[in-house]
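Use the sequences and the hints to build the structure in full.
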Amino acid sequence: MSIAENTATVARRGFTSPLYKILKGLIAGLFSIAITMVGLLFVTFIIARVMPVDPVLAVVGERASQEIYEAAYKAMGLDQPLYVQFMLFLKQVAMGDFGMSTLTARPVVEDIARVFPATLELATLATIAGVGIGVPMGVLAAVNEGRWPDQLIRLVGLFGYSMPIFWFGLMGLLIFYGILGWVSGPGRIDIYYEDIVPVVSGMILIDSLIAGEIEIFWNAVSHIILPASILGYYSIAYISRMTRSFMLEQFSQEYITTARVKGVSETAVIWRHALPNVMIPLITVIALSYANLLEGSVLTEIIFSWPGLGNYITNALLSADMNAVLGGTVVVGAIFVGLNLFSDFMYKVVDPRAR
Amino acid sequence: MTTAPVKSNVPDRAGLKAWLSSDAPTSRGHARAVQFYMGWMKLYENKLAFLGFLIILSLVLMAIFAPLLATTEPNAQDLAKRLTAPGVDGHLLGTDELGRDIWSRLVYGSRITLLIVGIVAFTAPVFGLLIGTVAGYLGGWVDQALMRLVDIFLAFPKLILALAFVAALGAGIESAIIAISLTAWPPYARIARAETLTIRNADYISAVRLQGAGVMHIIIGHVWPLCLSSIIVRVTLDMAGIILTAAGLGFLGLGAQPPEPEWGAMISAGRKFILDHWWVAAMPGMAIFIVSLGFNLLGDGLRDILDPKKSQS
Amino acid sequence: MQFKRSLLSLALAASVAMPISGAIISEAGAATPPNMLIIAGRIDDLISLDPQEMFEFSGSDMANNIYDKLVDLDPSDLSKGYQPGLAESWEISEDGRTFTFKMREGIKFHSGNPVTAKDAEFSLRRAVAMKKTPSFIVTQFGFTAENMEDTIKAVDANTFQITTDKKYAPSFVLNCFTAAIASIVDSELVKSNEVDGDWGNGWLKTNSAGSGAFKLQNWKPNESYSLTAVPGYWRGEVAMKRVIVRHVMESASQRLMLEKGDVDVARHLSPEDITAISTNEDLKVEDTLRGRLMYISFNQKDKALSHPKVAEALKYLVDYKGMTGSFLKGQYTIQQAFLPQTYMGELKDTPFSLNVEKAKELLDQAGYADGFDVEFIVRNATERVEIAQSLQNTFAQAGIRASITQGTGKQILGRYRARDFQIYVGAWGPDYPDPHTNADTFANNPDNSDEGKHVGKLAWRNAYPATELTKLTDLAVQESDREKRARMYVQAQKTFQKEAPFAVMFQKIEQNSMRANVTGFNPGGAVTAVYYWPVKK
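Protein sequence lines, in the order shown, are assigned to chains A, B and C.
By the count of the numbering used here, the first sequence reaches residue 355 at its end, each step adding exactly one.
By the count of the numbering used here, the second sequence reaches residue 313 at its end, each step adding exactly one.
By the count of the numbering used here, the third sequence reaches residue 537 at its end, each step adding exactly one.
Keep in mind that the hints were calculated from the coordinates and are not lab data.
All values derive from a computational prediction rather than experimental measurement.
Mixed in with the good hints, there may be bad ones.
To be verified - Computed footprint of chain C on chain A; a stretch qualifies when at least three of its residues, placed anywhere within it, have a C-beta under 8 Å from a C-beta of chain C: (1) 57-64; (2) 105-114; (3) 190-201; (4) 276-290; (5) 305-318.
What the hints assert, rightly or not - Taking beta-carbon pairs under 8 Å as the criterion, some of the chain C residues facing chain B (in silico): (6) Tyr233; (7) Ser251; (8) Ser326; (9) Gly330; (10) Glu386; (11) Ser390; (12) Gln392; (13) Asn393; (14) Ile404; (15) Thr405; (16) Gly407.
Think of the CB as a built atom: it goes at the ideal place given N, C-alpha and C, for glycine as much as any other residue.
Given below as structure tokens:
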């Protein structure tokens with residue numbers, strides 16, 4: 001909402017040219033994004049530095065002698081003062097270089113390009129499930145407010161909120177993979193299909209179709225369906241709840257009553273009048289839930305051996321692989337700020353009070 | 001039972017209900033009591049929310065009476081009896097990998113859960129409220145600066161931020177609590193700021209200001225009370241998330257330290273046996289689930305009760 | 001709404017199916033391709049593929065199959081010790097300092113370049129000059145970046161020569177040359193990828209340049225690595241054309257994949273999962289004694305712990321049998337000396353067992369009848385945390401109140417190396433197949449002062465001066481008579497058992513579970529890493 005605020009300040013001062021206003025708002029917006037991103041990096045950097053995890057040990061290992069340890073310490077630039085290290089890092093980032101990961105021995109950018117599509121694939125499917133099922137469920141609940149479908153949907157949703165995901169994941173794996181054999185096990189595809197499909201987008205579902213490998217596509221589907229369903233459940237729980245509450249708000253508005261009095265059919269009232277009006281806040285909600293999923297669900301990724309962003313950042317953090325942590329944070333931060341901006345924009349468009 | 005009190009406005013038993021549901025309160029205290037009673041009745045009528053309330057109540061009772069409810073010491077090991085199935089040898093929920101009674105551990109673990117929830121539920125909202133109302137009330141560069149700070153913390157993935165803090169502070173239950181509080185406050189700040197923006201120019205606030213009240217006095221005395229209901233609802237709904245985050249930290253070995261019977265750590269230890277000795281992970285899993293569900297049901301109900309927009313429809 | 005239905009059935013199935021889950025895992029019959037070996041294991045320790053840098057279990061596993069060494073162990077009988085590898089023979093000079101190797105002819109690297117003495121020279125100089133963590137394995141013979149021009153050199157294309165600073169037991173030198181760091185890399189290929197005088201380290205971290213049975217196809221960190229067999233391997237044709245190792249963290253997941261036939265081998269199953277699959281006729285479990293020891297050690301800078309009677313008492317407060325009979329069942333055996341069983345000079349005596357009375361008596365004599373408070377530091381790996389909790393329990397029986405601090409490996413290790421702890425619960429794996437590897441770390445401490453900074457040595461980390469043992473172990477490395485040398489190590493271990501602030505508790509038994517049709521899978525015993533090339537199925 002910060003952008004809206006800035007624009008409002010500008011407006012109060014009495015500049016009238018709309019072009020000037022837009023331009024000024026845009027600059028202020030970009031400025032606040034820049035500040036947020038630098039702040040984000042700074043906080044991460046500080047956390048990483050005060051952490052009692054020794055980044056040098058992560059590289060040289062348990063057996064290293066003092067001499068080797070000190071050489072590595074220097075090579076990693078840790079002998080420089082903190083602010084110098086931070087400035088150097090900022091300079092690198094500005095040029096799109098996040099440095100080398102000490103854990104994977106390759107550039108962080110390359111690592112993220114590898115792990116992010118895995119998360120993207122999972123998050124997108126989960127969000128599709130969340131929207132495809134959550135929105136109709138929310139509408140159904142709102143229409144039947146207080147009656148049993150509403151209560152049932154509420155219960156299903158709250159179950160989703162309350163389940164520890166790692167336990168849920170392990171149980172899902174046991175039942176659908178172990179006992180029923182309906183889906184494939186941990187990992188993104190069966191192991192012997194690895195490295196067959198050329199990497200284009202990094203998302204196996206898409207790459208296999210591009211390569212025309214239908215068999216691999218279905219194999220990948222059978223692997224992703226379970227983790228995506230489990231993440232999707234959370235998404236459904238959230239989205240259906242929000243849809244319900246938005247719809248109820250609309251139902252209490254006068255124009256709906258008017259439409260009903262005029263004899264517009266109930267279906268039309270719901271789908272043609274109420275729903276379009278909740279679209280904007282709903283899109284915001286969906287965007288935020290998508291952003292949360294894109295940050296990577298660490299626990300789901302561990303249980304399903306899913307090589308995604310959450311897992312990557314966690315591993316890096318626990319081994320003090322600073323470049324990787326900072327790189328990961330920038331990506332997550334950028335996603336968040338981007339989607340936040342998007343939702344601010346949407347609000348501004350739809351809600352005159354925020355203008 | 002016939003003599004009605006003459007001076008006191010505290011009624012007798014029979015009149016209590018009427019007094020509590022009076023629509024013309026006679027004093028400020030009376031008004032509060034009426035408001036509370038009405039809320040309570042709404043809660044009582046909302047079966048699901050009431051169920052949630054009962055679950056939380058049981059958790060509190062469980063924590064208080066843990067020594068009476070537990071059948072053994074929570075950390076007493078018996079390697080010979082490890083992984084005993086539920087119901088065998090008097091172990092209601094079975095034993096874990098070191099032969100400890102799972103029921104007793106769960107009972108004592110409720111204290112840890114309550115401790116985490118209690119501290120986080122107090123610190124995070126208060127901090128968020130402070131930041132949010134100050135930002136909203138003062139506006140200008142203070143608002144800009146504080147909101148950037150909120151954005152920065154919001155842009156972090158929660159579990160990862162908590163992980164970073166725990167790693168920085170050293171593993172342990174205290175660090176877990178601090179870390180979770182630090183990650184939980186930004187949403188409260190946002191809510192509080194939004195609420196403050198809608199009321200800061202209200203007439204009665206201006207009136208107070210004209211009387212010469214200080215900024216902090218206005219914020220704490222007049223802005224906070226109005227933000228409370230939305231914050232309380234949000235806190236209750238967040239409790240489940242907090243329990244799950246704590247459990248997640250425990251699962252990664254960064255929460256409570258062994259042998260403390262923290263539920264998440266118990267699941268983590270039990271996942272090794274999940275295929276053949278399902279109860280070791282499933283029992284704490286159930287416990288977490290039930291308590292989170294309790295908080296969610298209660299929070300959901302409270303939202304319906306406290307949200308004025310909703311009650312009009 | 002199909003999704004919703006599946007959720008409902010999930011909830012139902014979870015409540016109904018759990019109690020009987022173990023028995024009804026269905027067999028999918030989807031076998032892996034016949035010429036491919038697929039393994040589920042944990043490979044998150046892998047941080048570099050450069051053999052002159054790597055020092056992790058997964059790295060050694062890989063190097064063992066990608067690279068050859070001058071001398072190698074024979075997977076069909078590891079107890080034979082070092083055998084001719086890329087060197088077909090060698091001679092040792094009169095003074096015992098110069099080793100001259102004759103290279104086997106006609107062997108090619110994966111790139112097609114021939115393997116020559118120049119490559120051996122490059123590889124070993126590389127190990128010395130890069131000064132990475134495992135470099136001590138070769139530099140302990142006196143090689144330095146300054147003298148390596150003379151001490152490590154190719155005399156001609158087929159003759160390679162090294163000269164040590166003094167006389168060492170030949171078995172010691174040659175044993176060290178079977179370690180991963182002595183892998184021979186393709187000098188031309190590596191040199192062509194050199195950047196800023198880094199000896200090609202940046203490139204070799206993620207690539208391979210060997211002459212072994214396999215070459216690296218792909219390594220995705222924390223996900224998987226895959227190797228492809230190279231046709232015409234000089235030791236014989238390799239049956240498995242591809243080997244893929246996938247990183248699977250959870251034992252339960254590994255087991256499910258093995259039972260379903262999605263993998264051929266599962267390397268990290270828990271004792272409970274092993275017990276559960278032991279009745280499955282399609283699967284088998286092979287036990288191998290590995291070199292890893294589980295121990296606890298007491299920092300001698302701590303007042304209470306430095307009392308010899310206290311250290312002795314603590315050794316009687318470990319429930320050795322209880323642990324190996326329960327949560328460590330099948331995966332660890334009791335071993336109380338610093339050399340793993342199967343090593344030259346092994347000592348199988350187990351003088352200690354849980355004896356609370358005796359421990360109390362000793363504590364009383366030391367003036368700690370009421371016990372004391374102490375902190376364990378331990379890595380957050382399940383079995384170590386379980387051991388720590390068992391210790392906490394038995395220590396308490398003698399009045400010692402122990403708290404446990406767990407953390408990530410790097411956190412705990414940092415404190416251990418800084419001598420900032422009281423009791424450490426941890427593990428040690430030997431670095432090369434010679435008794436000196438453990439003797440050097442457990443029982444050798446040339447300078448016990450804080451300034452000594454022998455952070456690589458466990459004796460130093462625990463501030464254990466090891467005065468007598470330092471002398472003895474220094475003598476043992478120079479003893480050329482094998483029998484006599486072995487006896488010296490036995491003696492050293494007996495002294496160590498008595499006086500050292502270490503309670504060595506267990507030795508690792510690796511239980512590899514595999515499909516019944518897999519044969520020839522050798523994880524490398526106590527001395528080396530896994531061999532993929534003899535595997536058939």
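Taking the hints in turn, this is what the structure says about them:
By the rule of at least three residues with a Cβ nearer than 8 Å to a Cβ of chain C, the coverage given for the region 57-64 of chain A holds, with 8 such residues. Coverage of the region 105-114 of chain A by chain C holds. Counting CB-CB distances below 8 Å, 4 residues qualify, and the rule asks for three or more. Only residues whose beta carbon comes within less than 8 Å of a beta carbon in chain C count, and the region 190-201 of chain A has 5; three or more means the coverage holds. Figure legend: the region 276-290 of chain A, annotated as covered by chain C; annotation inconsistent (0 residues with Cβ-Cβ distances under 8 Å, at least 3 required).
For the region 305-318 of chain A, the stated coverage by chain C is satisfied: 6 residues place a CB nearer than 8 Å to a CB of that chain, which reaches the threshold of 3. A hinted interface residue such as Tyr233(C) counts as satisfied when its beta carbon comes closer than 8 Å to some beta carbon of chain B; here the least separation is about 39 Å, so the hint is violated. Annotation: interface hint on Ser251(C) holds; nearest CB of chain B at approximately 6 Å, less than 8 Å. Taking 8 Å as the C-beta cut-off, the interface hint given for Ser326(C) holds, the closest approach to chain B being about 4 Å.
A least Cβ separation of about 14 Å between Gly330(C) and chain B goes past the 8 Å threshold, and the interface hint is therefore violated. Against a cut-off of 8 Å between C-beta atoms, the interface hint on Glu386(C) holds, since the closest Cβ of chain B lies about 6 Å away. Proximity of Ser390(C) to chain B holds as hinted, the smallest CB-CB distance being about 7 Å (cut-off 8 Å). With 8 Å as the threshold, the beta carbon of Gln392(C) comes within range of chain B, its nearest partner Cβ sitting at about 7 Å, so the hint holds.
Because the closest C-beta pair between Asn393(C) and chain B is about 5 Å apart, less than 8 Å, the hint holds. Interface hint at Ile404(C): satisfied, since its Cβ lies 5 Å from the closest Cβ of chain B, which is below the 8 Å cut-off. With a cut of 8 Å, the hint placing Thr405(C) at the interface with chain B holds, because the nearest CB-to-CB distance is about 6 Å. For the restraint placing Gly407(C) at the interface with chain B, the shortest Cβ-Cβ distance is roughly 5 Å, inside the 8 Å limit, so the hint holds.
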